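Trainee: Each chain is listed here by its residues.
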Amino acid sequence: MSTATLEPRVRAPRNYLNADYGWKSWLFTVDHKRIALLYLVSISFFFIIGGSFAVLMRIHLVEPGGALVQPETYNKLFTLHGIVMIFFFLIPSIPAVLGNFLVPLMVGARDLAFPRVNLLSWYIYIVGGTFTLYSAIAGGVDTGWTFYTPYSSTYSNTQVTPVVIGVFITGFSSILTGLNFIVTIHKMRAPGLTWYRMPLFLWAMYATSIIMVLGTPVLAITLFLLGLEHLFHVGIFSPALGGDPLLFQHLFWFYSHPAVYIMILPAMGVVSEIIPCFARKRIFGYKIVAFSSVAIAVLGFLVWGHHMFVTGQSVYAGLIFSLLSFLVAIPSAIKVFNWTSTLYKGSISYEAPMLYAMGFIGLFTMGGLTGLFLASLATDVHLNGTYFIVAHFHYIMVGGAVMGYLGGIHFWWPKISGRKYPNGWAALAAAIIFIGFNLTFFPQFILGYLGMPRRYAFYPAEFQVLNVMSSAGATVLGVGYLIPLVYLIWSMRYGPIAEPNPWGATGLEWKTPSPPPTENFAEIPVVTEEAYAYAPQEAAGD
Amino acid sequence: MQGLPFQPEQASSIARSVDELYYFLTAVTLFFTAVIFSIIFYFMIKYRRRSPDERPKAIEGSFPLEVLWTAIPTLIVAVIFVWSSVLYFRNSEPPRGAMEIFVTGKQWMWKVEHPEGQREINELHVPLGRPVKLTMTSEDVIHDFFVPAFRVKKDVLPGRYTSLWFSATKVGTFHLFCAQYCGAFHAGMIGSIIVQQPEEYERWLAGGAPGESMEQAGAKVFQASGCPTCHLADGTGLGPSLLGVYGQPVKLTTGETVTADDAYMRESILLPKAKIVTGYSPIMPSFQGQMTEEQLNNVVAYLRALGKAQPKPKEEGKQ
Amino acid sequence: MRRRRPLVTNAEVQAPHAGLAHQFQDLEQQQEADALGIWVFLVTEIMFFGGLFAAYAIYRGLYFAAFQGGSHILDIRLGATNTIVLLGSSLTMALSVRSAQTGNRRALVLFLIATMILGGIFLGIKAVEYNQKFVEHIVPGLDWNPQSAVKTELSPGGLLHAELYFVFYFAMTGLHALHMIIGMGLLLWLVFRARKDSFSPHYFAPVEVVGLYWHFVDIVWIFLFPLLYLIGGRY
Amino acid sequence: MSQPIVPQRTYLLVFLSLAGLTILTTGVAFVDLGPFNTVAALAIAFSKMLLVILFFMGVRHSSGMVRIILIAGFFWLALLIAFTTADYRSRSWTAAPDSWSTTAPPTHP
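Protein chains in written order, with our numbering: chain C, 17 to 558; chain V, 84 to 402; chain U, 31 to 265; chain X, 16 to 124.
Fair warning: there could be bad hints in the mix.
[What the hints assert, rightly or not] Among the chain U residues that face chain X by a calculated CB cut under 7 Å, a handful are:
1) Ala110
2) Leu117
3) Ile249
4) Ile252
[Said to hold, decoys possible] FRET-style restraints, in silico, Cβ to Cβ:
5) Tyr37(C) <-> Ile143(U): 15 to 25 Å
6) Tyr106(V) <-> Ile75(C): 55 to 65 Å
7) Ala477(C) <-> Ser121(V): 56 to 66 Å
8) Arg223(U) <-> Lys303(C): 22 to 32 Å
9) Gly42(X) <-> Tyr363(V): 50 to 60 Å
10) Trp108(X) <-> Ile505(C): 52 to 62 Å
11) Tyr106(V) <-> Ser62(X): 25 to 35 Å
12) Arg133(V) <-> Tyr212(C): 26 to 36 Å
Quick caveat, the hints were computed from the structure, so don't treat them as lab data. Only a predicted model underlies this, so the values are computations on that prediction, with no experimental measurement involved. Even glycine gets a Cβ: it sits at the ideal position worked out from N, Cα and C.
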């Protein structure tokens with residue numbers, strides 16, 4: 017707060033952060049970078065809310081009989097944890113924060129194709145979030161984030177309506193973001209930036225956008241029908257009123273399975289940026305990695321029935337869905353092999369983003385491989401609906417997506433904020449998160465195999481040891497997540513000023529000052545080289 | 084607090100086969116995790132940055148390697164797919180002559196009815212070594228019948244029958260869980276499967292409330308609901324005869340042929356106009372709301388028994 | 031490759047054309063982006079209605095008789111008339127775009143207004159049909175109490191499933207009508223802009239975009255008509 | 016966008032065909048074709064959609080990109096419907112449950 021530093025803010029060149037002051041300049045901005053920050057603040061808020069629900073759940077489960085709350089309250093905790101984390105944190109996390117910030121910078125444009133639509137999508141997100149928060153305050157909702165009918169439509173007497181409206185509305189935010197990215201990547205690339213010169217983050221955002229655009233409307237219409245049934249008591253999915261509950265599950269998972277790829281594909285894109293930078297190597301098998309993103313996006317739409325192997329779906333449909341679920345594992349495996357090979361004969365340094373990226377590969381590998389247990393019909397029968405599922409998708413969505421998100425935040429933080437954070441603290445946080453995560457979720461694989469069903473507010477005493485281990489791990493994990501929050505906020509004021517390209521990375525976003533000016537580039541750049549041209553020019557042809 | 088188990092008990096005829104696949108998958112997972120972790124650690128140490136201006140040569144990629152590491156996972160998942168699907172289909176087919184028991188899920192309890200008429204709540208007694216087939220339905224929301232020790236699980240849906248089977252191989256008491264979230268006391272919708280020696284099971288069956296068998300109870304409901312007025316045994320009534328129908332193909336007015344299974348019987352009682360047998364008119368009233376799930380189960384049990392009887396010769400061609 | 035333009039900050043932008051937004055390099059790029067944007071948006075609309083059509087298809091397969099019974103209550107003449115009215119509005123919409131292309135402002139305004147009038151007629155006929163459902167007490171959730179004549183017609187497949195048919199009838203036509211109302215609002219906005227002479231043969235993207243939206247809404251109805259009114263034939 | 020200006024006559028002819036097809040589909044509904052009533056209705060609706068897309072929406076003159084996007088949309092919808100229907104259609108293929116095995120059959124009442 018004193019003037020001890022020799023970097024007075026007045027000397028800072030004009031950039032998107034100091035271009036204008038006052039709340040209006042933020043709430044009515046159409047600058048993609050400012051909108052990204054609006055998203056960053058909002059999703060962090062929802063992450064803290066969703067995280068506190070998780071902490072309460074883990075504390076509760078220390079005792080077999082439940083240590084903290086009534087079963088009804090526990091049900092509301094896991095429901096809101098799921099809804100908040102999935103729809104209000106994970107789905108917008110990388111696309112809406114890093115994607116919004118980076119897509120125009122990476123394609124070398126002044127903004128997204130539709131800046132006002134971009135701002136609109138943030139407002140839609142906020143309105144949807146408000147409905148969801150209202151429902152949490154007004155008594156909560158206890159349907160599970162999957163909203164399975166007929167429980168959600170005709171039996172639950174909690175705040176189903178506002179939550180369904182909230183998720184319905186937020187879906188449009190996701191649709192508009194995806195639409196904006198598709199058009200931007202198609203039409204606004206800088207001269208010379210061909211498809212095969214694009215950074216892989218853009219490929220990943222493109223594949224993600226396809227899912228957002230094609231899948232989210234189906235979720236919207238499904239929730240619309242659910243809302244109709246709930247409000248007017250007309251039969252759509254409720255057997256007592258003439259409907260079929262399995263149809264809801266089909267329509268729901270048609271979106272919600274690909275939604276997993278909305279979370280993990282962007283994280284894969286982030287990792288594909290970080291690894292070449294800190295290994296100073298072009299990514300191994302660029303085109304294969306690029307196309308595997310698209311393959312995952314497409315195949316990911318054809319596997320939703322593996323959520324329904326034991327629900328009374330036809331066994332033949334189950335067979336096809338099982339086969340396709342195995343197929344979608346292959347492009348993911350290819351990506352892991354290519355990232356690993358990128359390290360070969362590289363020049364590897366261990367800055368914090370790289371540690372997050374390595375953590376991502378490890379956890380994603382485990383999460384992906386345990387997915388095989390669930391794609392396989394015979395073992396899924398036993399594991400479905402148990403803690404094995406919970407462990408598996410947390411490995412993918414927290415171990416994978418959140419690690420990728422944090423890696424990306426650490427990688428581009430100097431660009432976003434114009435400041436550097438303390439690398440030692442960041443490395444420590446990465447290590448704590450990695451250890452805490454495994455402590456929390458590895459025991460849950462065993463719990464699931466032993467037969468403990470998920471969504472149980474109390475449980476037989478023989479499962480207690482593993483539950484206590486998991487809760488202890490959650491404490492470590494929680495601390496791990498708080499550390500970056502502290503030093504990142506600290507760095508905004510006290511961190512050393514970042515140069516335009518602190519990591520020596522390639523990519524157009526590093527060719528403009530940190531933080532970038534409002535118009536991104538003094539002059540629209542011309543791209544003359546491949547992505548990840550880390551090698552010295554004369555050797556690049558080898 | 085008890086010890087730290089790593090494997091649930093294997094107490095059914097299929098448990099072992101599921102575990103074998105499970106261990107294979109675990110081995111694959113551990114192997115690849117170990118390989119990836121070791122390679123990453125090795126590379127990160129071997130190729131650590133030694134001087135700040137090091138510039139390694141670019142490697143474009145390697146097509147043979149890409150083919151190799153596409154082919155290996157493809158082969159492995161192909162093996163797993165075939166193994167697991169064959170196992171699944173073998174495990175889901177109930178053997179002939181399985182004992183049939185009705186299960187009804189209800190927020191938040193399991194109601195069980197043995198064909199002999201014994202009823203239980205949150206408990207299911209079964210004899211050792213004999214295949215048992217459960218026919219299940221729910222009175223309200225979706226539940227799920229899950230016995231970890233048997234490695235069986237199936238959703239229990241309202242308005243529909245689902246079924247699963249198992250053959251217990253160990254005497255003892257095993258957990259029964261509801262594995263599909265069903266509301267406030269979902270966690271309390273648990274029970275026990277009690278596997279007994281056959282003689283002991285017989286004693287258990289004989290003891291307790293004698294009651295009537297499901298079939299007899301069903302016959303009473305059948306009578307009381309006025310069904311025999313139209314469903315005459317010789318097929319001359321307004322509705323088709325029900326002798327020898329259960330389990331057999333039935334030709335419908337739409338030209339389709341369906342099997343007269345539990346689901347069809349149930350549908351025909353609740354929504355009689357949905358599938359009309361050729362030669363008959365859609366005049367049967369619906370019994371939706373007229374029968375409880377239990378009575379419905381009893382009637383289905385009775386119809387199954389009728390299915391064993393030979394159809395009377397007169398009604399040929401009228402099925 | 032696109033022409034490069036030297037840097038100008040937002041404040042200094044002297045837009046070379048009134049319609050060019052700051053993030054684009056030139057008008058052509060902007061037009062291509064707009065066109066791509068609307069088509070991607072239409073794809074989301076296909077999936078939005080598509081979820082509804084998928085649910086409809088499943089239930090129609092399961093409860094064919096009930097859906098047939100429900101369908102036969104609808105007035106096929108009103109449905110067919112409405113189809114032709116809506117197709118006519120698509121014609122006038124296409125002609126509006128053409129007038130914008132040729133720079134004929136008077137014709138543009140006239141055709142836009144004609145499109146709105148035809149859309150209004152469609153909604154009017156729809157309102158008559160909805161009213162008829164209330165008279166017959168076959169509005170699920172609000173007024174479901176079919177009277178005797180209607181009841182006989184509906185009963186072959188079971189009243190419960192006939193109710194399901196009407197849920198879909200109202201959900202599908204209701205969402206379609208909502209899209210029509212939004213479309214009419216957009217048309218009104220176009221009329222105002224056209225009267226202010228905002229469009230020229232070089233810049234008429236808004237007319238084209240609204241046109242594409244309007245045609246899409248028409249296509250939805252092209253499928254709704256046979257799927258709702260013509261189930262199983264009327265012979 | 017910069018599309019050729021189509022003569023008014025073309026638009027009028029397209030509209031007349033669309034109106035004709037509407038009358039045709041209504042007429043066909045009154046003829047008993049069995050299951051082909053549905054097929055005919057959908058085939059006619061599909062042709063009408065093509066007319067609108069190709070002429071009114073001008074996809075005839077559009078870039079390949081627009082066509083790919085449009086086809087992708089319909090393809091994904093087809094996937095949703097096909098896979099869901101596959102489940103419902105194949106549910107009854109599973110073998111009939113085994114016969115009932117308790118006491119001797121009772122006599123019919």
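Trainee: Does each hint fit the structure? Answer for all of them.
Mentor: A quick look at each hint next to the structure:
| no. | hint | result |
| --- | --- | --- |
| 1 | Ala110 | 5 Å, holds |
| 2 | Leu117 | 5 Å, holds |
| 3 | Ile249 | 5 Å, holds |
| 4 | Ile252 | 5 Å, holds |
| 5 | Tyr37(C) <-> Ile143(U): 15 to 25 Å | 47 Å, violated |
| 6 | Tyr106(V) <-> Ile75(C): 55 to 65 Å | 34 Å, violated |
| 7 | Ala477(C) <-> Ser121(V): 56 to 66 Å | 39 Å, violated |
| 8 | Arg223(U) <-> Lys303(C): 22 to 32 Å | 46 Å, violated |
| 9 | Gly42(X) <-> Tyr363(V): 50 to 60 Å | 34 Å, violated |
| 10 | Trp108(X) <-> Ile505(C): 52 to 62 Å | 60 Å, holds |
| 11 | Tyr106(V) <-> Ser62(X): 25 to 35 Å | 57 Å, violated |
| 12 | Arg133(V) <-> Tyr212(C): 26 to 36 Å | 32 Å, holds |
Consistency note: the structure conflicts with the earlier hints numbered 5, 6, 7, 8, 9, 11.
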